[in-house]
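Colleague: Listed below are the residues making up each chain.
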Amino acid sequence: MSEVLLQVDGLKKYFSISKDQSVKSVDDISLYIKKGETFGLVGESGSGKSTLGKTVVGLQAPTEGKIIYNGVDVATLNRKEKSIVNREMQIIFQDPYASLNPRMRVGDIIAEGIDAHGLAKGKERQERIYDLLDRVGLVPEHAKRYSHEFSGGQRQRIGIARALAVKPQFIVADEPIAALDVSIQAQVVNLLEDLKETEGLTYLFIAHDLSMVKHISDRIGVMYLGKMMELASSDDLFAEPLHPYTQALLSAIPVADPRAKRRERIVLAGDPPSPVNPPSGCRFRTRCPHAMSICSEAAPVWKEVQANHWTACHLYN
Amino acid sequence: MSHLLDVKNLEVNFKTYGGEVKAVRNVSFHVDKGEIVAIVGESGSGKSVTVQSIMGLIPTPPGKIKNGQVLFDNKDLLKLSKREMQKVKGSKISMVFQDPMTSLNPTMKVGKQIEEGLKVHQHLSKADAKKRAIEMIKLVGIPNPEERYNQYPHEFSGGMRQRVMIAIALACNPELLIADEPTTALDVTIQAQVLDLMKDLRDKMNTAIILITHDLGVVAETAERVIVMYAGMTVETGTVEEVFANPKHPYTWGLMASRPNPQADGKERLVPIEGSPPDLFSPPKGCPFAPRCPYAMEICLGEMPPEFEVVSGHTAKCWLNDPRAKMAQEEIAAGRVQK
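These protein sequence lines map, in sequence, to chains S and X. My numbering applies: residue 1 is where the first sequence begins, and numbers increase by one. My numbering applies: residue 1 is where the second sequence begins, and numbers increase by one.
Okay, chain X solo, but in the shape it has when bound:
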């Protein structure tokens, strides 16, 4: 069975005065129909650049896609002309951005903004587009859709604007929705509303979703699969259940340990990941996490770890998963259990 989206060996660089930044380094992953896949990572881990390359939103120059394929419906999106890509954007794949305050046009009525895509892609008549736009406003849970249709973005609150963004993105019934930190700018109670809405719409419309976030809680509650990124690479991938129950990369351990555990009394000292992410002008030769990794071995500094498959579908790029590192594995297992 072929995947809905298949990203293969993606490499993206940015030219700057200081040299070339290797923002995305050999990233491969796939998304199936109707699936919610979360990408987690810190700022600078390459998660946004990865999805922007899928959408053809990388400004070139300074950006450059050095290598790789983005297969969608078995077509390589990176090879499409601007005009062909225009047809995909907004109709087959659409995107919701982080900041609902700045990603809407302030001088255009909300209803018209939802209609734009419908007119361009589906060639709907004015009346039909309006009908569909009002339907969409209703679908994303905004009360009084007819009245709201004629309002401007400043008349909406943050959560409501994010709903409008989702309505715009879903108006043409895309097969894939990319949501780049859709709830980061929102309050927790509103975040809960928006995440529930996205899951609900996936169930109704069978849209696949790529959800970018830095919050492991959001991942656990929303996604089916997770991709952990660090320094431009995917370091661990797997089903959410597998990765949370049995994480295999020290970076994933670090992310989990640096949050207070709400199940316990929450008072024990946090275990931060010391140091900061590497400089992507000249990323280290070996594992990019090795300089911050408490379990780093000699090989980690000198040689990039390959992708080890722990169980089917669960991979980790870490030398600790090499069968030859059995001793280290056992020691760490004992130590981590103690903690």
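In isolation and in its complexed conformation, chain S is listed as follows:
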């Protein structure tokens, strides 16, 4: 269980927008994910969480840093070995409307990975498709249809079947439920949890819906402007958030209980600054209610403040 499946070391992903300016989407992030674990990644739009997910599965090359999968640095692999790693790492996208080719039949969409990796042909391929449809709660007849004939929740199931088709070990789920209705979200989350058990999967679950992330994750990382702010087990993070940003984020979740005691809601002033030109020192200091003079001078150190509870904040130095 405690075996590390994926390790990310000092990962950076910059997008240059002009000669001397770049967007630092992911800036020096390190984390590890154990086998069989669900690692949740939260943060607001522009925090770099999706970029991190896409870089990890190899859809984008990192600017700097290492991605170590199963003990091997993926940058050192040759083509053949790389293709095996690519097969074992899959991604489920946010928008079930844009991520399925409207001109392909559902069966062929699901089998794309099978074909690309040459895993099965003819009758065996067909059977695999039917089996996958069945596993995600659809029926074999659906293989002949096109994606526009399905609802959002069903499309997300197709996306999940496509990811499962190549028997992956590790799945990045990039906001898989953000585009779905509340009653359908629970269906998809339950499906992901069931598949984790039956297929022995490991997830990197990216979302901005904090209560869902808490529900599904073992550990959670909180990102802000390309930096990791805090990392802890989901229970510890919700019970005792250390970083002021995490505290504000948690206090902003609307609670569906009108009789709940009015929590002291920390309303952050202003908007997140631009990632092109992030604030000096701590990136959160411009909105932080506890900002001190040191916060603008030096970047806080990433530190284990409590057992297995990491944060980068000058308050704990």
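Read the hints as simulated data drawn from the structure, not as lab findings. Don't be surprised by glycine CBs; every beta carbon is placed ideally from N, CA and C. Among the clues, some could well be false.
[Stated by the list, open to error] Only some residues are given here: those of chain X computed to face chain S with a beta carbon under 7 Å:
#  : residue
1  : E42
2  : G159
3  : T184
4  : D187
5  : Q193
6  : L197
7  : L201
8  : L216
9  : A220
10 : G254
11 : P272
[As the list claims (entries may be wrong)] Below, in silico cross-link-like pairs of lysine to aspartate or glutamate (DMTMM-like), each with a Cα-Cα straight-line distance of 25 Å or less:
#  : chain 1 : residue 1 : chain 2 : residue 2
12 : S       : K12       : S       : D73
13 : X       : K267      : S       : E197
14 : X       : K267      : S       : D73
[What the hints assert, rightly or not] Chain S side only, calculated, beta carbon under 8 Å to chain X, not exhaustive:
#  : residue
15 : E44
16 : S147
17 : S151
18 : G153
19 : V189
20 : L210
21 : M212
22 : Q247
23 : L249
24 : V255
25 : P258
26 : P273
Model the placement of chain X on the given structure of chain S, informed by the hints.
Modeller: Chain X alone, transformed into the frame defined by chain S:
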């Protein structure tokens, strides 16, 4: 006492190639002065179409208001001419849309967009309109109002644009503000800012607000009354406290159970509502929720449930509330408590 807004038996259909979609089916509700009423429901439940009919924004064709009245200040808005309606829109009733990125004019300075309504409805002079626009920018909490007045929408972030939308909507001091998923496109920390702002402005200006959302958390924290819609119908209505404490429709139960409970440790398995909403080309004869309802009885499939009043002001369209269904009620109560 008469209500500020009284929607009675509203029915809206849309003609499509596949047939006629019955988007809103016999919807009635009211809004009082200075009250925040939330409408919750999934996509396709008819919540947006309902408020669009109030504003006269239904494109006809393909849309058609088959039946019903929308009484505002005792006038039926559905019977007003285009010109009369123009006077109501923006001055007495105004609307904030979901997507702040696309609902502002990108080629027009933000200040001018706020002024538009003031000039048309209140016939303010240029100087007065500008003064009021800057006041509004300040009121919605945007720093440096004088400078912001001369900027274009692309210079504003999502949350700031939504504030501009609210400033435009509230510039003429309307009696009713309709906010259609105003925070759905925003991040949680920004959502908290915008919701606080709306509540604050209601307290200051006594504007009634219809808040459309799909987030029960937003309802619980913002509204006084709630209307739950499903398949074009209102299935449950009541005060927020009553409905959350004592929900009487299985669809409302389902919505509540399908979210993780943040109070508990949040790890117990979610209870989704299985299946998907009915096809509104030919809605089922009985209760529209019956095919997905774990408690459906024989009568539910064949006959539309009437509106049962549970306690004063709290209604639910579900046969389980019929006195004859007492046995079923008790069984369910026991079962739900166990869970």
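Colleague: So, L249 (chain S) near chain X? Judge it on the closest CB pair being under 8 Å.
Modeller: holds (6 Å)
Colleague: Given P273 (chain S) as an interface hint, is the shortest Cβ-Cβ distance to chain X below 8 Å?
Modeller: violated (10 Å)
Colleague: Does T184 (chain X) hold up as a contact with chain S if the rule is Cβ-Cβ below 7 Å?
Modeller: violated (10 Å)
Colleague: Given V255 (chain S) as an interface hint, is the shortest Cβ-Cβ distance to chain X below 8 Å?
Modeller: holds (6 Å)
Colleague: Per the CB criterion, is P258 (chain S) less than 8 Å away from chain X?
Modeller: holds (5 Å)
Colleague: For the hint on G159 (chain X), does the least C-beta distance to chain S fall short of 7 Å?
Modeller: Holds. Min distance 6 Å.
Colleague: Using 8 Å as the Cβ threshold, decide whether S147 (chain S) counts as touching chain X.
Modeller: violated (16 Å)
Colleague: Double-check M212 (chain S) for me: the hint is only fine if its C-beta lies closer than 8 Å to a C-beta in chain X.
Modeller: holds (6 Å)
Colleague: Checking hints one by one. Is P272 (chain X) an interface residue toward chain S, by the C-beta closer than 7 Å rule?
Modeller: This hint holds: P272 (chain X) lies near chain S, its Cβ roughly 3 Å from the closest one there, short of 7 Å.
Colleague: Can the hint on V189 (chain S) be confirmed by a CB-to-CB distance to chain X that is less than 8 Å?
Modeller: holds (6 Å)
Colleague: Tell me if the interface restraint on L216 (chain X) is satisfied: Cβ within less than 7 Å of some Cβ in chain S.
Modeller: holds (4 Å)
Colleague: Between K267 (chain X) and D73 (chain S), is the straight-line Cα distance small enough, at 25 Å or below?
Modeller: Answer violated: K267 (chain X) to D73 (chain S) is near 34 Å, above 25 Å.
Figure legend: structure checked against the earlier numbered hints; hints not met, in rising order: 3, 6, 7, 14, 16, 22 and 26.
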